[in-house]
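Could you build the full structure based on these sequences and the hints that come with them?
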Amino acid sequence: MSISTLRQQLLAGETTPSAILERLAGDIADHDRQIGAYLCHDLESALAEAAAANLSLPLGGIPIAIKDNINVLGQPCTCGSKFLSENYRSPYDATVIRKLRAAGAIPFGRMNMDEFAMGSSTENSALQTTRNPHDTGRIPGGSSGGSAAAVAAGSAIAALGSDTGGSIRQPASHCGVVGLKPSYGRVSRYGLVAFASSLDQIGPLTRTVEDAALILQAIAGFDPADSTSLDVPAPDYLTEINAGVKGMKLGVPREYFGGGIDPGVRKNVEEAIQRLAAQGADIIEISLPHTEHAVATYYVIAPAEASSNLARFDGIRYGHRAANPADILDLYKKSREEGFGPEVKRRIILGTYVLSSGYYDAYYGRAQKIRTLIRRDFEDAFQKVDAIVSPVAPTPARRLGAYADDPLHEYLSDIFTLSANLAGIPGISVPCGLSDFDGGRNLPTGLQILGPHLGEAKLLQIARAAELASARPA
Amino acid sequence: MPHSHIDVRYVANLARLELSDDEVAVFQPQLEAILRHAEALTRLDVAGIEPTAHPAPVFGRMRDDVPHQSLTPAALLQNAPDQAQGQIRVPKVVTDA
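Taken in order, these protein sequences are the chains called A and B. Just add 206 to the spot in the first sequence (first one is 1) and you have my numbering. Just add 1 to the spot in the second sequence (first one is 1) and you have my numbering.
Simulated from the structure, these hints should not be mistaken for laboratory data. Where hints are given, some of them may not hold.
[Stated by the list, open to error] Only part of the chain A face toward chain B is listed, based on derived beta-carbon distances under 8 Å:
hint : residue
1    : N293
2    : S513
3    : P531
4    : E543
5    : G547
6    : I554
7    : T558
8    : R572
9    : L579
10   : R605
11   : Y609
12   : P613
13   : A629
[What the hints assert, rightly or not] What the simulated footprint calls covered on chain A by chain B, stretch by stretch (three residues with Cβ under 8 Å from a Cβ of chain B suffice, anywhere in the stretch; the number is not a length):
hint : region
14   : 425 to 435
15   : 500 to 511
16   : 563 to 571
17   : 642 to 653
[Unchecked claim] Sample of chain B residues with no beta-carbon within 10 Å of chain A, all distances over it, derived:
hint : residue
18   : D22
19   : E24
20   : P68
21   : A85
22   : Q86
23   : G87
Beta carbons are placed, not taken as given, at the ideal position from N, Cα and C, and that holds for glycine.
Laid out in structure tokens, this is it:
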């Protein structure tokens, strides 16, 4: 059930915040064993919040599931890693949690994820497997796979995720829900465990576009505790949400429809674009010429930043500490060896390499310059169009374990999402129909809509039109 | 000009990461494949292009210099794996004279 429907029921006295929480806890107990979206949940503390819920607030009484890399005071925050799974408890609330509570919402549940948000399948969680509710032999996508799977399965009303290269949009697409990555600087990251600081953003995964707008409204805005958050007031994201797409110019980047894209995904995305055209949008072919360099650029910059950010996990102040170290250096090296999983180690090594003397200019310095070219591609495009429409991922959800020994193959599947993070622009994934793929039947596909920096209101407006059109029989 | 050879154990040591022989054997070809892919970046002409370190035009913002409540020592110590006398305990970091 959507937030807006539940809010009507709450205001009409047909249900209570406690009843909603009890029902979710029942769903988790009955069904989440098959899905594995939740790492843990604390019903007792949520019920205490529910008892004091102020229903007059915009999200009053609504439980929101939280990706396990966002700190909530007193709760675990494992980041899907053994390193933090033993005894870490958050000593403070992330700003998004304070803001959700200020809007009346109740943080409820810690959602599985790829370790430190590194991955596109949630298979890199060191703690448990999360399965796609549409086909439990398949990945939910990632890294916010627990958040997406729970919303799709109905065991969460809505969730927060984080998106560094597609980690909200791609699992949303694979699970058939809505996922919004806000513009860089739109939402405070204070209390989000940092992966790649020039790319990370927190955003909602929801059943409807309107719900995504409701949550963005609650969490957007300047925060003195995050020096990268922008001191720009957030507009009202709901005022124009039903205004439609008549007269809007939507760009279709030819580089996003080349070889490698699954025919079922292509068909669904093209039909979704046609439905927007039928509602009066003007469809224009555009070019983002540096797209072919985006994956390499991203997989230099993101690991470089990660290798620096993850230096804090040294076994001293929190998290795993190796037993009986010979000396302090041995303590660092063994604690990290024992605490981190393979993908995290690969990215730390890769990031350290591209930042090391002799390779810095060739890899990291160059990647930053190509990042400028990718950013300019979008700036040029938004001179001609209001937004860009594309697939979210080249295929529907793949089988669990399919790329186990081939990280590069997995990285290449992020091609359509990671440019938005490099450019700092917002992106939304909205369901655009089902497709068969690799022996799987009726798997969700997603339409991605990208807009100019701080252009979330228009993005939501287009996504709402796409959602309405897709709900109508063809 | 970069080349796709990487001394995995040497770089891991720079990152204060111990690796088993098995991990080195698995990571070596995987990291070389990723670096070969990244070599495409070296073929692009980037002369005169400014680097982008940060996608939004906000740099070095200073907070207001006013006192405020910070986390308490107890809150900061609650997650420390080993502590004594209100401090975090670590192996000896100075050698005997």
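### Query
Looking at the structure, which of the earlier hints fail to hold?
Hints 5, 10, 11, 17, 19 are the ones this structure does not satisfy, whereas the remaining hints hold.
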